[in-house]
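Participant: Protein chains in written order, with the numbering used here: chain D, 27 to 316; chain L, 949 to 1208; chain F, 110 to 423.
Simulated from the structure, these hints should not be mistaken for lab results.
You may find that some hints are simply not true.
Simulated DEER-style distance windows between Cβ atoms [unchecked claim]:
{"#": "1", "chain 1": "D", "residue 1": "V206", "chain 2": "L", "residue 2": "V964", "range": "22 to 28 Å"}
{"#": "2", "chain 1": "L", "residue 1": "A1075", "chain 2": "F", "residue 2": "V263", "range": "43 to 49 Å"}
{"#": "3", "chain 1": "L", "residue 1": "E1117", "chain 2": "D", "residue 2": "V206", "range": "23 to 29 Å"}
{"#": "4", "chain 1": "D", "residue 1": "L175", "chain 2": "F", "residue 2": "R420", "range": "56 to 62 Å"}
{"#": "5", "chain 1": "L", "residue 1": "K965", "chain 2": "D", "residue 2": "G171", "range": "49 to 55 Å"}
{"#": "6", "chain 1": "F", "residue 1": "R420", "chain 2": "L", "residue 2": "S960", "range": "48 to 54 Å"}
{"#": "7", "chain 1": "L", "residue 1": "G962", "chain 2": "D", "residue 2": "F34", "range": "36 to 42 Å"}
{"#": "8", "chain 1": "D", "residue 1": "A198", "chain 2": "L", "residue 2": "V1022", "range": "34 to 40 Å"}
{"#": "9", "chain 1": "F", "residue 1": "F259", "chain 2": "L", "residue 2": "A1075", "range": "57 to 63 Å"}
Rough simulated footprint, nothing fancy, chain L against chain F, three-plus residues with beta-carbon under 8 Å [said to hold, decoys possible]:
{"#": "10", "stretch": "286-299"}
{"#": "11", "stretch": "310-317"}
Glycine included, C-beta positions come from ideal geometry on N, C-alpha and C.
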Amino acid sequence: MSELLQFFVSGLTVGAVYALVALGFTLVYHASEVVNFAQGEFVMLGGMVTVFAYAAGVPLPLAALLAVLVAIVVGLLLYWLAIAPARGATAVSLIIITIGASILLRGAAQIVFDKQFHKLPAFSGDTPVDLFGAAIQPQSFWVLGGAALLVLLLYYVMERTLLGKAVMATAANRLAARLVGVNVATIMALAFGGSAAIGAVAGILITPITLTSYDVGTLLALKGFAAAMLGGMGSPLGAVVGGLLLGLLEAFGAGYISSTYKDAIAFIVILAVLFVAPQGLFGRRAVERV
Amino acid sequence: MSVLEVSDIGISFGGVKAIDGVGFAVEPGEIFSIIGPNGAGKTTLFNVISGMYTASHGRVLLAGEDVTGLPPDVLAARGLSRTFQNLQIFHRMTAAENVMVGRHLQENCSLLADLLRLPSVNRQNRATRAAALALLDQVGLRDCADIPAGALSYGASKRLEIARALAAEPRVLLLDEPAAGCNSVETEDIDRLIGRVADRGIAVVLVEHDMKLVMKISHRILVLEQGRMLVEGSPQQVRDNPLVLEAYLGHHGAREAARA
Amino acid sequence: MMTRLNRRSVILLALATMMALLPLVFPSSYYFRVASLVWVSALAAIGLNILMGKAGQVSLGHAGFFGIGAYAVAIGPAHLGVNALAAVGIGALLSGLLAFLVGRPILRLKGHYLAIATLGLGVLIAMVITTESRWTGGPDGMPVAKLVLFGWRVSGSDTWYWITAGLLLIGTWIALNLDDTPTGRAFRALHDSETAARVAGVAVNRFKLQAFVIAAVYASVAGSALAMMNGFVNPDQAGFLHSVELVTMVVLGGLGSIVGSIVGAAVLVVLPQVLTVFQEYEHFMLGLLIIVSMIFMRDGMVPMLARLITRGRR
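Kindly generate the complete structure, drawing on both the sequences and the hints.
Facilitator: Following this line, the structure appears as C-alpha cells:
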C-alpha cells in the first residue's frame, strides 16, 4: 500500500511537470497552430538560469524570477525571429524550425553554462514527510501546488479576461479575429511568452528533485508532447490530464514492469494514442472538406 | 439498365441532416444534372457517391453492383470518376503528367520494374503519354502539356480535371461545377465537351450553377433543396415548376418573378 | 520524354565524373574520409527525399532505420556469425519489414501527427539500441568487424571512398529512375492532392507504404556502410538529432530534388568539419542553419539556384 502511494505521488509529481510542458504546447498551438519543439528548452532555461544565478549569490526567489524573465525573453525572441518571419510555411516546416530553435538553444546553453548536471536545494528542506507510510519529498508538494496554481491562473486568464477571449478567438479563426480588432501577432507573441514562463516555472520547481543540465529539454518536450497528444491537441484540460496520466504510467511502469524502459513509455503512449484515437481523450474529430 | 443507381441516400453532420432520402438513376450516355440553391447538399451528395464520405443510410449501385461505402480508388477501378468544385489538380506536375496519373489504372505498375526502369516501363510511358496528349487535345490544352499545372488559368485547370477524369475511361463521370469561373467562350467549350463525352456512352452527372448550360445540355434534372429531392424531370418540366423558382428565390421572390 | 532521359543521364554522368576527379585534388586521406561521409549521408538523404519530397510524407525518426542498418553489420558478425555482406542485407530486410509493419497505421496520419509518430518510432529504436547493451554495447557503442570481400580485407579511406561513391551512384540512379514511372507519378500525385489521387484510382496507402519502405532501406544500407567504414557504431547514429540532420539535408537541398539531397548532405557534413575550431558551437550553428534555411530558402538550395538560372537566361 505504501509502495503504491509512493509511486502514485512520484508519478503525479513528474506528471505535473509533463502537464505544464503540455500546457505550454497547447497554449502555443492554440494561438498559432505551431507545434513548438523548443518548449522543453524553456524548462531547461528555468532550471539552469536559477541554478547559476543562485550559485552567483542571488537569493533563490530572485533567481527564480530572473529565470522566468529570461525564458519569457527567449520565448518572445523565438516568435519574433524564427516563427513570425516564416509565416505561411507548412506545418512540417514550422516543426523543423522549432526543432532548429531547440538545438540552437541547447547549443547556446552549453556555451553560456556548461555540460554538467546541476542541483538546486529543495525549497523547504529534504526531510521526507510521512504520508500513510510513504516517504514523500516536501518538494513534491511544491511541484504539485505550483502546477495547480499555474493551471488555475491560466484557466482564469483564458476564461475570464478579454485577453483570454482574444486567444480563443485567434485559435478559432485567425482572419475573423483580426477583423474584430484582435492583434493576432501580439496574441501569438504572448502565447510564446506565456508558454515560456510556464515551462520555466516547471523547470525551477522540478530541478531540486531531478537535477538539470543543458540537454534535459529534448526528452521533456517529447514527453510533454506525448501528454498533450494523449489529452488531445489543443485542449488545456486534456494537457493537464494527459500529463498527470503519463507521469503515473511512467511511475507505475518503472516500478512494476521495467525501469530500464521507463522513458520508452511516453513514446509507446504516443504511438498507441495515434493508432487508436488520433483525436486524443478530449480532442474533437474534424471532418475533412473536399 | 442504369449504370448508376442511387437510392435513399442520407448523411448527417453533427446531428444535422445534410442529405435525406435522395435517390436517382442514370443511363449510359445520359447527362443528368443536379441543381439547387447553395447548401442544398449537391457536393455532399457527390462526396457520398464517390466514396469520400460514408453515408448514414442508402445504397449506391454501379452497373448493378452494390458499391456503397467503397473507397474512391476502388470505385475508380469500377468505372466511377469525378472532378472537384474546388480544384484538386497536381499543381507541381505538368498538365500531361496530371492526365498520365489519370491513366494509373490502365497502367501496369510494378515497383521493381519502376525502380530499375526496365524497357517495358519506358514503352508503357510512351503509350501513356500519347494517350494523355490526345486527351489534352480534346479539352484544348495540347499546347500546355509540359507546363506545370499550378501555372494554368482557372478555366484551363477545370478542363484539365475533366481530361484527367476521362483518362480513367470511366462509365460514370461526376462533374462538380465544371463551368464555375469560366468565361462564356470557355463555358461553350465545356458544353461541347460534355456532349461529346455523353455521346461515347459515358453517363455524366453534373452539378452546375450556370442554368443556361444546364438547361441546354441536360437530359434530366434533379432539384435538391436542403438535402431533399424537390423535383426531378426534363429541363422543360423543371423550368416550369413553381416549386423550383420558390426554392431559389424564396416565396416572395417567386411571386415577383412570376409577375415579371 | 527525351529531355527527361537526358537529364537523368546527365546528372549521373556529372556525379560520376565529379567522384572520379575529386581524389585528384585531395591532399590527404582525411579528405577521402569526409567525402565518403558525404556520400553515405547523401544516400540516406536521397531515400528520405523519396518519402518526403516525392510522396510528401515526413519522417522525423529516420535515423532509427539508419541505426538498424549500422547495428546489423555490428551485431551480425560479432554475435551471430553472419557474414558482413549478408548482414547488410539482413539489416535492409529488417528495416524494410519494420517500415512495412509500422507504416500501415502511421502513414494514415497527417501533418504534426505523422511527424510525432515517426519521431516516436525513431526514439524507440534508439532506446532499444541504447538499453540492450548485451547485444549493442549500450551507450558506448561497439566495434564493427572489417568487411571481407572474397578474402580481401576492405580498409583504408580511399577504398571506402570508392565503395560509398558506388553506392551513392546506384542510389541516385534508382531514385532518378523512379521519377517518371507509374509509381513515381503516384507518389507525386498523392503529395499534391491525396483526394484527387484516390479518385484517379491511386491506392494512396499502398504507395505511401512503398515510399516509406524504400526510404527505410536506403537509410539502412547507408547506416551499414557508415558502420563498416568507421569500424564502430554508437547509438547516436539512431538518435533524434541524427534524424533531424537527415531531414535538414533533404529540406536544405530542396524537397523533391535528388541532386539537392546530395548538396544538402555535403553542406551538413562539410560545415562542421570546416568549423572544427568552433567545436563548442556545433549545435548552435546547426540550429541556426536549420532556422535560417527554413525561413529564407523554403524551397531549398538546388531548386532556388535552378530558378535563378532559368530567370537569368530569360
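Participant: Which hints, by number, does the structure contradict?
Facilitator: Of the numbered hints given earlier, those the structure breaks are 3 and 9, listed in rising order.
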